[in-house]
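Work the whole structure out from these sequences, hints included.
What follows is each chain in one-letter form.
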Amino acid sequence: GAVVSQHPSRVICKSGTSVKIECRSLDFQATTMFWYRQFPKKSLMLMATSNEGSKATYEQGVEKDKFLINHASLTLSTLTVTSAHPEDSSFYICSAFSLTAGGASETQYFGPGTRLLVL
Amino acid sequence: AQSVAQPEDQVNVAEGNPLTVKCTYSVSGNPYLFWYVQYPNRGLQFLLKYITGDNLVKGSYGFEAEFNKSQTSFHLKKPSALVSDSALYFCAVSHTNAGKSTFGDGTTLTVKP
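Going line by line, the protein sequences match chains A and B. Under this note's numbering, the first residue of the first sequence is numbered 2, with each subsequent residue one higher. Under this note's numbering, the first residue of the second sequence is numbered 6, with each subsequent residue one higher.
Wrong hints could be hidden among the right ones.
Unchecked claim - Here are the simulated lysine to any residue pairs, SDA-like style, with alpha carbons at most 20 Å apart:
1) A:Lys42 x B:Arg47
2) A:Lys42 x B:Phe51
3) B:Lys105 x A:Thr58
What the hints assert, rightly or not - Cβ pair distances, simulated, as ranges:
4) A:Leu77 x B:Ser65: 25 to 31 Å
5) B:His100 x A:Glu53: 21 to 27 Å
6) A:Glu23 x B:Thr115: 42 to 48 Å
7) B:Pro45 x A:Leu69: 27 to 33 Å
8) A:Lys42 x B:Asn60: 27 to 33 Å
9) A:Ser84 x B:Asn35: 38 to 44 Å
10) B:Asn73 x A:Thr32: 41 to 47 Å
11) A:Thr83 x B:Asn17: 40 to 46 Å
In short, the hints are calculated from the structure, not lab data. As the structure is a prediction and not an experimental result, all values here were calculated from the model. We put the CB at the ideal spot given by N, CA and C, even for glycine.
This is how it looks when you write it as structure tokens:
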């Protein structure tokens, strides 16, 4: 199936610094990508929908100035956690939809996730 | 609004036995239903989905799910569990095929030898 990559897989940073996470669709183009946050042993919480060439759409309660999303190309979306604090520590996962073989329908493919630890 | 409930945090089965992971949903209009599996420190992997048609959907790794409109359920099943099936399973619902999904809280499946 389609492949979505994330970089870095793990990052540790000091409180107050900014961290950028990249999400790439490796063998397909994605006009829309999604960013999720997952707490330990908890479900995925949708943070925002990343739209290529336009502003991201944020879910209620997600600070857009805190979590900056840029979808500059059809294969790359970035999430920047600005002025990170320990409460931002989490597992961040991106996803993108790709047509299944034969183009019959679309399937959501997830990246492997990025573990952020803010000290 | 759309929502998903996975009533069991944990499901334990013996290897070779059938397994069921439960999911119920709520969505306006026709539902698009999905099952994903997550291994430790990894992203989610797609297992199967229901859009329309046959209520019994077959997916990856021998899993299947049955859509029941009257009970608003989409339970995940497998006739014979493997130890390697042990993982965290998420049910998700959307009101479109490629739109944002709402996920259940997840069910940890443990298959013991």
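The hints, checked one at a time:
| no. | hint | verdict |
| --- | --- | --- |
| 1 | A:Lys42 x B:Arg47 | holds (13 Å) |
| 2 | A:Lys42 x B:Phe51 | holds (19 Å) |
| 3 | B:Lys105 x A:Thr58 | holds (11 Å) |
| 4 | A:Leu77 x B:Ser65: 25 to 31 Å | holds (27 Å) |
| 5 | B:His100 x A:Glu53: 21 to 27 Å | holds (22 Å) |
| 6 | A:Glu23 x B:Thr115: 42 to 48 Å | violated (34 Å) |
| 7 | B:Pro45 x A:Leu69: 27 to 33 Å | holds (29 Å) |
| 8 | A:Lys42 x B:Asn60: 27 to 33 Å | holds (31 Å) |
| 9 | A:Ser84 x B:Asn35: 38 to 44 Å | holds (43 Å) |
| 10 | B:Asn73 x A:Thr32: 41 to 47 Å | violated (34 Å) |
| 11 | A:Thr83 x B:Asn17: 40 to 46 Å | holds (43 Å) |
Checked against the numbered hints above, the structure violates hints 6, 10; every other hint is satisfied.
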